[in-house]
Amino acid sequence: MNGQLRAWGLRLSGMFDRERRDQELAEELQSHLALHVEDNLRAGMTPAEARRDALIKLGGVESIKEQVRDRRGIPLLEHLLKDLRFGARMLRKDPSFTVIAVLTLALGIGANTAIFSVVNAVLLRPLPFPQAERLVLVWATDAEGGRTEDVATYPDFEDWKASSRSFEGMAAFTTRGMTLLGGDQAETVEAVQATPGLFETLRVRPALGRTFRSEESAAQIAILSDSSWKRRFAGRPDIIGQTIRADETTYTIVGVMPPDFKFSPGSPEQLYVPLVRDPSRSHGFLRVVGRLRPDISVPAAQAEMGIITRGLEKQYPKTNAGVGVNIVPLVTAMVGNARKVLLIFLGVVAIVLVIACINVASLMSARSAARQRELTVRAALGAGRRRLVQQLLTESSLLALAGGALGLLLASWGTRLLVALLAKSFPIPRLENTHIDGWVLGFTLVLSLATGFLFGSVLAVPAASPDLNEVLRESSRTATGGVGGRRARSLLVIAEVSLALILLAGAGLLLKSLLVLRSTAPGFKTENLLTVNFQMPKDKFSNATARSTFYEDVLAQVGALPGVRSAALVADLPMNGGSDSLGFHIPGRPDPTPGDTFSANFNIASPGYFRTMAIPVRAGREFSQQDSASAPGAIVINETAARTFWPDRNPIGQQIVLPVTSDKTVTLTVVGVTGDVRQQGLGSAPQPEIFLSYTQPGPDWPWLVLVVRTARDPVMLADAIRKTAQSIDRDVPVYLVRTMDEVLSHTLAQPRVYTLLLGFFAALALALAAVGLYGVVSYTVTQRMHEMGIRMALGAERGDVVRLVLRQGLSLTLAGTAIGLAGALAMTQFLTKTIPGLQPGEPITLSAVAALLIGVALVASYLPARRGAQVDPVVTLRYE
Amino acid sequence: MKDKADVWQGTLALMTLKTLETMGPLHGYGIARRIEQTSGDLLSVNYGTLYPALLKLEQEGYIASEWGVSDNNRKAKYYRLTPAGRKQLEKEARAWERTTGIIARFFAPEEEPS
Numbered sequence: 001m002n003g004q005l006r007a008w009g010l011r012l013s014g015m016f017d018r019e020r021r022d023q024e025l026a027e028e029l030q031s032h033l034a035l036h037v038e039d040n041l042r043a044g045m046t047p048a049e050a051r052r053d054a055l056i057k058l059g060g061v062e063s064i065k066e067q068v069r070d071r072r073g074i075p076l077l078e079h080l081l082k083d084l085r086f087g088a089r090m091l092r093k094d095p096s097f098t099v100i101a102v103l104t105l106a107l108g109i110g111a112n113t114a115i116f117s118v119v120n121a122v123l124l125r126p127l128p129f130p131q132a133e134r135l136v137l138v139w140a141t142d143a144e145g146g147r148t149e150d151v152a153t154y155p156d157f158e159d160w161k162a163s164s165r166s167f168e169g170m171a172a173f174t175t176r177g178m179t180l181l182g183g184d185q186a187e188t189v190e191a192v193q194a195t196p197g198l199f200e201t202l203r204v205r206p207a208l209g210r211t212f213r214s215e216e217s218a219a220q221i222a223i224l225s226d227s228s229w230k231r232r233f234a235g236r237p238d239i240i241g242q243t244i245r246a247d248e249t250t251y252t253i254v255g256v257m258p259p260d261f262k263f264s265p266g267s268p269e270q271l272y273v274p275l276v277r278d279p280s281r282s283h284g285f286l287r288v289v290g291r292l293r294p295d296i297s298v299p300a301a302q303a304e305m306g307i308i309t310r311g312l313e314k315q316y317p318k319t320n321a322g323v324g325v326n327i328v329p330l331v332t333a334m335v336g337n338a339r340k341v342l343l344i345f346l347g348v349v350a351i352v353l354v355i356a357c358i359n360v361a362s363l364m365s366a367r368s369a370a371r372q373r374e375l376t377v378r379a380a381l382g383a384g385r386r387r388l389v390q391q392l393l394t395e396s397s398l399l400a401l402a403g404g405a406l407g408l409l410l411a412s413w414g415t416r417l418l419v420a421l422l423a424k425s426f427p428i429p430r431l432e433n434t435h436i437d438g439w440v441l442g443f444t445l446v447l448s449l450a451t452g453f454l455f456g457s458v459l460a461v462p463a464a465s466p467d468l469n470e471v472l473r474e475s476s477r478t479a480t481g482g483v484g485g486r487r488a489r490s491l492l493v494i495a496e497v498s499l500a501l502i503l504l505a506g507a508g509l510l511l512k513s514l515l516v517l518r519s520t521a522p523g524f525k526t527e528n529l530l531t532v533n534f535q536m537p538k539d540k541f542s543n544a545t546a547r548s549t550f551y552e553d554v555l556a557q558v559g560a561l562p563g564v565r566s567a568a569l570v571a572d573l574p575m576n577g578g579s580d581s582l583g584f585h586i587p588g589r590p591d592p593t594p595g596d597t598f599s600a601n602f603n604i605a606s607p608g609y610f611r612t613m614a615i616p617v618r619a620g621r622e623f624s625q626q627d628s629a630s631a632p633g634a635i636v637i638n639e640t641a642a643r644t645f646w647p648d649r650n651p652i653g654q655q656i657v658l659p660v661t662s663d664k665t666v667t668l669t670v671v672g673v674t675g676d677v678r679q680q681g682l683g684s685a686p687q688p689e690i691f692l693s694y695t696q697p698g699p700d701w702p703w704l705v706l707v708v709r710t711a712r713d714p715v716m717l718a719d720a721i722r723k724t725a726q727s728i729d730r731d732v733p734v735y736l737v738r739t740m741d742e743v744l745s746h747t748l749a750q751p752r753v754y755t756l757l758l759g760f761f762a763a764l765a766l767a768l769a770a771v772g773l774y775g776v777v778s779y780t781v782t783q784r785m786h787e788m789g790i791r792m793a794l795g796a797e798r799g800d801v802v803r804l805v806l807r808q809g810l811s812l813t814l815a816g817t818a819i820g821l822a823g824a825l826a827m828t829q830f831l832t833k834t835i836p837g838l839q840p841g842e843p844i845t846l847s848a849v850a851a852l853l854i855g856v857a858l859v860a861s862y863l864p865a866r867r868g869a870q871v872d873p874v875v876t877l878r879y880e
Numbered sequence: 001m002k003d004k005a006d007v008w009q010g011t012l013a014l015m016t017l018k019t020l021e022t023m024g025p026l027h028g029y030g031i032a033r034r035i036e037q038t039s040g041d042l043l044s045v046n047y048g049t050l051y052p053a054l055l056k057l058e059q060e061g062y063i064a065s066e067w068g069v070s071d072n073n074r075k076a077k078y079y080r081l082t083p084a085g086r087k088q089l090e091k092e093a094r095a096w097e098r099t100t101g102i103i104a105r106f107f108a109p110e111e112e113p114s
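Protein chains in written order, with our numbering: chain A, 1 to 880; chain B, 1 to 114.
These are calculated hints, taken from the structure and not from any lab test.
Small disclaimer: the values here were computed from a predicted structure and weren't measured.
Any given hint could be a false lead.
Computed footprint of chain B on chain A, listed as stretches where at least three residues anywhere in the stretch have a Cβ under 8 Å from a Cβ of chain B [stated by the list, open to error]: (1) 5 to 13; (2) 32 to 46; (3) 64 to 70.
Below, simulated DMTMM-like cross-link-like pairs (lysine to aspartate or glutamate); rule was C-alpha separation at most 25 Å, straight line [what the hints assert, rightly or not]: (4) Lys65(A) / Glu38(A); (5) Lys65(A) / Glu66(B); (6) Lys75(B) / Glu49(A); (7) Lys75(B) / Glu19(A); (8) Lys75(B) / Asp17(A); (9) Lys77(B) / Asp53(A); (10) Lys540(A) / Glu248(A); (11) Lys75(B) / Asp22(A); (12) Lys75(B) / Glu27(A); (13) Lys65(A) / Glu36(B); (14) Lys77(B) / Glu19(A).
By construction, the Cβ of each residue, glycine as well, lies at the ideal position given by its N, Cα and C atoms.
Using the sequences and the accompanying hints, generate a full structural model.
Structure representation (structure tokens):
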């Protein structure tokens with residue numbers, strides 16, 4: 001073994017200093033012959049005989065030298081070095097080819113590297129906990145509701161924890177907004193309520209103090225996040241034992257978490273408090289995090305939990321029927337929706353790379369056709385097939401590596417752009433960690449080599465086994481246009497056209513959806529409209545009078561600010577997606593089905609809401625001061641509700657009966673009908689909406705949003721409004737002051753980002769496919785220059801020649817389009833299924849996309865066609 | 001094809017080591033002659049194959065070489081066995097004996113048909 005190792009080392013060094021060693025070998029063989037000849041002479045041979053015998057017995061001197069040389073160095077490595085040098089020389093000799101190929105590959109590889117670096121940061125990098133791969137989220141499932149990721153109830157969590165053997169630790173938590181009081185300003189922060197053992201399950205120690213003890217489930221103690229400690233308490237080291245007031249409760253601070261600690265999806269947590277036990281088995285509100293034992297897999301844990309939940313189903317059939325569990329790795333759960341989107345884009349850039357590969361392959365194929373004679377001559381001179389393939393693959397790998405290096409450069413720049421863009425679409429956890437690390441570098445390297453191999457082998461294999469007789473006999477001019485090569489290149493172009501069509505169809509679908517969304521009128525005027533959210537501390541504002549007083553003050557004072565046209569309140573802002581669907585009866589009419597009621601989305605508004613929003617009142621009136629607490633209950637409905645519930649009569653004056661509590665109902669009269677508003681977002685059709693007046697008794701409502709119509713830029717007023725609200729009550733935090741234009745553009749941000757990204761990649765694919773088509777057509781034109789000269793000499797018009805060439809390009813494109821259509825349909829169906837809110841794909845978009853592709857293809861083949869038609873027949877013929 | 005060559009190389013290497021052990025330092029031609037004499041005409045037509053084998057043994061550290069002068073005053077490269085080579089030879093010889101022993105038992109006439 002030792003000897004082997006030593007030998008390899010020597011062979012590596014044997015690759016150098018070849019001449020001296022060759023010289024020495026020659027001398028050794030020389031001395032060998034001399035000794036032999038002497039022996040032979042002594043045995044009585046004539047000098048000629050002696051020499052001849054010695055030579056014969058030694059064997060072929062050159063062959064010995066070759067064998068010794070092979071043994072001296074490492075032939076494979078030597079060949080590789082030689083091929084690299086040769087390949088680099090070939091690439092330098094043809095700079096335009098090299099530049100195009102490297103650029104094409106750089107685009108393909110760069111796109112993949114950029115997307116992969118995001119995937120790496122978001123999906124692949126482990127969470128910052130010890131042995132994070134063993135952390136899972138245990139969701140409840142609900143067979144009846146069809147939910148696979150549902151919150152669990154407290155007793156269920158306790159039973160799971162007590163009965164299961166698969167977990168080292170299990171803890172439950174829920175998140176909610178809590179209002180921190182005291183200090184300069186009230187503020188609402190993301191708080192986690194957790195059972196004891198949460199931090200132990202995650203294996204995270206606090207930076208200061210301690211975590212919750214198991215007996216402290218109802219204690220009024222809190223743990224701060226690093227950022228809230230630094231922000232609210234200026235990082236005081238004596239923080240332990242201090243108190244903090246949140247939601248009207250005073251908590252004693254027992255610990256501070258380390259910086260960057262965050263484990264729940266959503267916005268960073270600021271505060272951790274113990275979770276109070278809720279004995280109800282029908283009220284699910286918990287997320288359960290568990291740490292698997294080292295030897296337990298997710299499916300094994302899933303199987304064990306299945307047995308436990310089936311037991312619970314039998315024990316508590318009323319509440320637990322159909323309730324199971326679904327165990328998901330914590331990292332997957334944290335990433336959530338982003339996973340799907342990122343994987344889609346990874347697939348998209350993979351297609352782009354395949355197109356780039358095809359492009360370079362067909363470029364190289366055209367070039368290697370020109371080199372066919374070189375290869376054939378080398379084969380005729382005895383180069384082995386393997387040696388030729390090795391040579392071609394080295395060349396293609398060299399190209400791919402150059403492309404990869406440039407692609408990395410593009411990606412390092414593109415990644416920043418990509419992250420900035422994606423950050424706008426929706427919160428993706430850990431997106432900000434995206435950077436190019438060792439994994440990304442490795443990915444790019446492997447991808448480049450695989451790419452080089454892929455497009456290299458497409459042509460190396462046929463090119464390296466030339467039919468010697470065939471090629472050598474063909475004249476130099478036709479030798480370059482073998483039928484096989486042409487067919488291969490045509491197939492390649494067809495493939496890339498069809499792939500490009502698939503991406504274009506996807507982009508077309510997204511674009512169409514975005515355009516439909518943008519042209520959808522929201523139903524109100526979004527300009528100069530400001531929205532302000534308050535969060536009322538629950539205890540302080542538990543009775544309706546306190547809330548009304550606060551709101552009355554806000555309306556009066558904000559309404560009096562200079563620059564404010566009008567102000568009003570509403571429970572659910574349009575396009576925020578929030579809505580309360582309630583059931584009601586219509587007097588004198590049977591319920592739609594026995595035991596069921598009519599239902600509509602209920603919302604609460606103040607007088608002046610519709611005027612402030614500029615929602616047109618179609619009939620009757622909107623709420624006014626006359627709808628006081630003692631006046632008869634009034635409602636305003638939208639046109640859809642009017643059409644749905646009173647299609648055959650004037651809805652004004654009609655009544656509904658709305659159950660408020662289990663034994664109390666209110667009777668409400670329609671006083672007005674307004675235009676439809678896209679309450680659920682631009683992508684969904686208007687639904688029946690019924691507005692109650694906030695000044696009248698009705699169902700309980702948590703808090704209202706202030707909407708302010710301003711005379712000029714609403715942003716200028718934001719500060720004044722915030723101050724006014726604070727001056728009325730310091731304990732009510734004001735947050736999320738946004739203009740309605742912001743709200744609107746926020747709802748459009750995600751589709752816009754997707755469309756932009758997919759559109760960019762599709763355009764890239766289209767451009768690459770066009771370049772590929774151009775290359776192939778233009779190559780054929782060059783090959784057929786002579787033939788065209790003859791045709792024109794015989795009387796063909798330039799138009800005929802152009803048509804001839806166009807026909808070739810067009811037939812390739814049409815073939816590619818036809819094949820791509822099936823894929824394009826699959827792509828649009830896949831996208832509509834995976835990305836919510838997309839318009840279904842329809843033939844018009846697909847045809848438009850196909851037309852675009854064909855148009856571009858026509859241009860790409862017209863350029864070389866014109867060149868072909870400008871041939872001077874005399875010149876071509878004379879050239880022969 | 002390759003396997004056969006490997007076997008041949010292996011055999012040749014063993015014979016070379018044995019020759020150097022018996023004869024002491026020797027040049028390539030001398031080794032070739034000695035092997036030819038001992039083995040009949042195994043190497044008779046192709047002395048040349050010896051040289052890659054010698055290089056291999058030298059790279060593995062089993063033999064060492066230096067230029068010297070022959071009995072009749074001719075410059076020649078002499079090979080000699082190194083301590084590692086001696087050890088290797090013992091090992092190979094033992095392995096060889098074991099192999100031949102096993103093979104021999106297969107070909108020996110059966111003694112007791114019980």
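Evaluation of the provided hints:
1. Coverage of a stretch by a chain is defined here by at least three residues with a beta carbon nearer than 8 Å to that chain's beta carbons; for the region 5 to 13 of chain A and chain B the count is 4, and the condition holds.
2. Coverage of the region 32 to 46 of chain A by chain B holds in this model, with 6 residues showing a Cβ closer than 8 Å to a Cβ of that chain against a need of three.
3. With 4 residues having a Cβ less than 8 Å from any Cβ of chain B, the region 64 to 70 of chain A passes the three-residue criterion, so the hint holds.
4. At roughly 23 Å between alpha-carbon atoms, lysine 65(A) and glutamate 38(A) fall within 25 Å of each other, so this suggested pair holds.
5. For the given pair, lysine 65(A) sits about 19 Å from glutamate 66(B) by alpha-carbon distance, which is consistent with the 25 Å threshold.
6. Among the hinted pairs, lysine 75(B) with glutamate 49(A) is consistent with the structure: their alpha-carbon atoms are about 23 Å apart, no more than 25 Å.
7. As the CA atoms of lysine 75(B) and glutamate 19(A) are separated by approximately 20 Å, the hinted pair is consistent with the 25 Å bound.
8. At most 25 Å may separate the alpha-carbon atoms for a hinted pair to count; lysine 75(B) and aspartate 17(A) meet this at roughly 23 Å.
9. Proposed proximity of lysine 77(B) and aspartate 53(A) is supported: the alpha carbons are some 22 Å apart, at most 25 Å.
10. Distance hint between lysine 540(A) and glutamate 248(A) is fulfilled; the C-alpha atoms sit about 8 Å from each other, no more than 25 Å.
11. Our distance criterion of 25 Å between C-alpha atoms is met by lysine 75(B) and aspartate 22(A), whose separation comes to about 17 Å.
12. The suggested pairing of lysine 75(B) with glutamate 27(A) holds, with an alpha-carbon distance near 9 Å, which does not exceed 25 Å.
13. The suggested pairing of lysine 65(A) with glutamate 36(B) holds, with an alpha-carbon distance near 22 Å, which does not exceed 25 Å.
14. Between lysine 77(B) and glutamate 19(A) the CA atoms are separated by roughly 18 Å; this keeps the pair inside 25 Å, and the hint holds.
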